[in-house]
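Chains as they are written, first to last, in our numbering: chain H, 5 to 163; chain E, 5 to 157.
If you are wondering where the hints come from, they were derived from the structure by calculation, not from laboratory data. You can trust all of the hints, since none of them are fake.
Which stretches of chain H does chain E cover? Using the computed rule of at least three CB atoms under 8 Å from a CB of chain E, they are:
id : segment
1  : 18–31
2  : 55–63
3  : 82–93
Positions of the beta carbon are idealized from the N, C-alpha and C atoms, including for glycine.
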Amino acid sequence: MDSTLVTNRQRGAGALIGLAFGFMLCWSGMVDPDVIRRALLFEDAYMFLFMGSAVGTAAIGMRLLARTERRAVLTDEPIGWTPERPTRRHVGGSLLFGLGWGVSGACPGPVAAQVGQGMAWGTVTLVGALVGVWLYLRADGLETEPAADAPQPAVAAPA
Amino acid sequence: MLDDQIAWWIAGPVMGLCVVACRVLFNGRLGVTGGFSELLGKAAAGRADFDWRGWFALGIFAAGLLFVVLAGARSFDGYGWMTRTFEGGAQLWMVPLLLGSGILIGYGAKVAGGCTSGNGLAGTSALSPAAFASTATFFGTAIVVTVLIEGLI
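Required output: the full structure, derived from the provided sequences and hints.
Here is the structure:
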């Protein structure tokens, strides 16, 4: 199949999954920093049940995928992933992340949905998050996402 | 219908299926910070040929807009403890607070290789020990910080 077509189908699928994901972030109330705050104070179990059932569902799906030697529907590549061992950066980075999450009551998905909803304060958090990502990319430019997530080979830009 | 918080046992599994869909369709690991990183990296290079991760993030922005259009109103008011604590001109304090939080969130997630979605959802469901370490750390930290703020204000 034409590789451009494959890439465009991936983009379309990514956008649709993002739409479903973001819509559920809005409908579940995860975009509201107060809902997150009440959960983190253990006043409301919703977020933990939501998160737990999400992980549980995904884990079952991933187990089923791991058992069979399937190929990805759109890209025809073998489906697989390598579990990573915990290192200092996972803990250190997550300490910083948890600090920002606790103060703002928002993490990247909800922040994007807040901005989509036209919430001005969310824009401030988003700008901060982009600055944070930018500082990282500038500092060492390392790709920390798993290999399966590595960006597609860059096509040489026309002069 | 959209005014009421959807049942967790519907919303949660839908989020889980999003993770599985990324694997089944293109063997990708779902993650919002990866999407931000893709949008920013490409945009900085003057390019707009974002991969699926960038489009995934754009889909979330669009979902917020779609929700407001369908529901007829934003799904929440204010910004948690901050808009209750700071009033009038004091709300300017929220700018450095949110900007600083955002920087910690973006930088921290990149260092850790994922945020609440990439590590907390996609990573843990793939039974990645690194994702469990990340998730336990950011949940623990956020709980301590939230309790401290609650005690201070």
